[in-house]
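*Asks:* Sequence:
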Amino acid sequence: MRILHTSDWHLGRSFHREGMLTHQAAFADHLLEVVVSERVDVVVVAGDVYDRALPQVDAVRLASETLARLSAAGAKVVLSSGNHDSAHRLGFGSELMDAAGVFIRTDAARVGTPVLLPDEHGPVAFHAIPYLDPDTVREPWELPGRSHEAALTEAMRRVRADLERRPGIRSVVLAHAFVAGCEPSESERDISVGGVSMVPTSVFDGVSYAALGHLHGRHTLTEAVRYSGSPLAYSFSEATHRKGSWLVDLGPTGLTAAEWVDAPVPRPLARLRGDLEALLADPALAAHESSWVHATLTDAVRPQQAMERLRRRFPHTLVLAFESTAPRLGRLDADRTHVRRDRDLVRDFMTELRGAAPSEVEARLLDLAVDACCEDPDVDTLLSEAPDQADFAETLF
Numbered sequence: 001m002r003i004l005h006t007s008d009w010h011l012g013r014s015f016h017r018e019g020m021l022t023h024q025a026a027f028a029d030h031l032l033e034v035v036v037s038e039r040v041d042v043v044v045v046a047g048d049v050y051d052r053a054l055p056q057v058d059a060v061r062l063a064s065e066t067l068a069r070l071s072a073a074g075a076k077v078v079l080s081s082g083n084h085d086s087a088h089r090l091g092f093g094s095e096l097m098d099a100a101g102v103f104i105r106t107d108a109a110r111v112g113t114p115v116l117l118p119d120e121h122g123p124v125a126f127h128a129i130p131y132l133d134p135d136t137v138r139e140p141w142e143l144p145g146r147s148h149e150a151a152l153t154e155a156m157r158r159v160r161a162d163l164e165r166r167p168g169i170r171s172v173v174l175a176h177a178f179v180a181g182c183e184p185s186e187s188e189r190d191i192s193v194g195g196v197s198m199v200p201t202s203v204f205d206g207v208s209y210a211a212l213g214h215l216h217g218r219h220t221l222t223e224a225v226r227y228s229g230s231p232l233a234y235s236f237s238e239a240t241h242r243k244g245s246w247l248v249d250l251g252p253t254g255l256t257a258a259e260w261v262d263a264p265v266p267r268p269l270a271r272l273r274g275d276l277e278a279l280l281a282d283p284a285l286a287a288h289e290s291s292w293v294h295a296t297l298t299d300a301v302r303p304q305q306a307m308e309r310l311r312r313r314f315p316h317t318l319v320l321a322f323e324s325t326a327p328r329l330g331r332l333d334a335d336r337t338h339v340r341r342d343r344d345l346v347r348d349f350m351t352e353l354r355g356a357a358p359s360e361v362e363a364r365l366l367d368l369a370v371d372a373c374c375e376d377p378d379v380d381t382l383l384s385e386a387p388d389q390a391d392f393a394e395t396l397f
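Under my numbering, the first residue of the sequence shown is numbered 1, with each subsequent residue one higher.
Hints were generated in silico from the structure; no laboratory data involved. All C-beta atoms in this analysis are idealised placements derived from N, C-alpha and C, irrespective of residue type, glycine included. Since no wrong hints were added, every one of them can be taken at face value.
Here are the in silico distance ranges between beta carbons for each label pair: (1) GLY19 / PRO118: 40 to 48 Å; (2) THR22 / THR256: 30 to 38 Å; (3) GLY251 / ASP162: 19 to 27 Å; (4) MET307 / ASP119: 51 to 59 Å; (5) ALA284 / ALA321: 19 to 27 Å; (6) LEU96 / PRO167: 28 to 36 Å; (7) ASP249 / THR296: 39 to 47 Å; (8) LEU365 / ARG242: 47 to 55 Å; (9) ARG273 / ASP249: 41 to 49 Å; (10) ARG311 / PHE349: 28 to 36 Å; (11) ASP249 / MET307: 43 to 51 Å; (12) THR256 / PRO200: 19 to 27 Å.
Kindly generate the complete structure, drawing on both the sequences and the hints.
*Replies:* Okay, here's the thing in structure tokens:
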């Protein structure tokens, strides 16, 4: 049996306000191409089909079309819910979809009841474990503790109890969890309970293959326990990730091979760092001119119109951060604060913060802001210098 392991589609998600639905649709096309070209028997999706519990209409439409196309291509689909999904909404109509070969499992009460799919060597038991909120299952499952490890251990106890009734059967488990031994990225939602989110790899001992979801990077924990990661990058911390799916082969006794299939990259990610002029002039950065860019500027003085200037060379710059090489702002010395006007203190603060004194126009604006905060209009004001403050402010712009 040939299985394609994928997860964390997050349909409807945006990337720093850039819509991703078109790129997610391109991944769906890629998925269909792999299913046909590699003669995939079963596609497993280990949770987080959607990015939110109430997905947008276009995201629901894309999910519906993708599942219909996979079924029409002759592949079975086994899908479980993740922590971003609404189990009730995603699971709507699942009994009817079973007849079409699309098996959606979102109900914790059904854990331990497999989807049985045959090949020439006999049946394979697919146990799709939905994301388990420890607070939700603790009481009905009589868990010994409030943790993801306790919840998933009980789920796997139910899975093993079923497998014991089917001696010699091959098994695939889908689970959405944070398994120890992996590095998370910045785009996963924290699922920790009491500060603890991880479960040990040993929880999955004894199954032919464990298809994991939740973490957005691919990971091989053991030959039989793997994360596929998300098909697209959803944070700049994933700039070095290879996105795609695992193509898994089961032989007559279990796992025989797992091969990585790269997904298309709609636009590469780049994290650039340096002073503005260097970034704008460095010929080695030409390769990133079509990338989504996260730029960190290290100029001692914050450049004016930095984003606009960056986007002239890197039009897809999405994030701009500043890490000045100037000394960090500290407390002003006592001799610079004793019996000094508020205006002078604010100007000194700006100088310390930016590494350069405010311009004449900026200084006048700061003076106006300070005066506007004074309770006593006769103290430290600009009235003697500019009787009509509104007119003066107008001239500054």
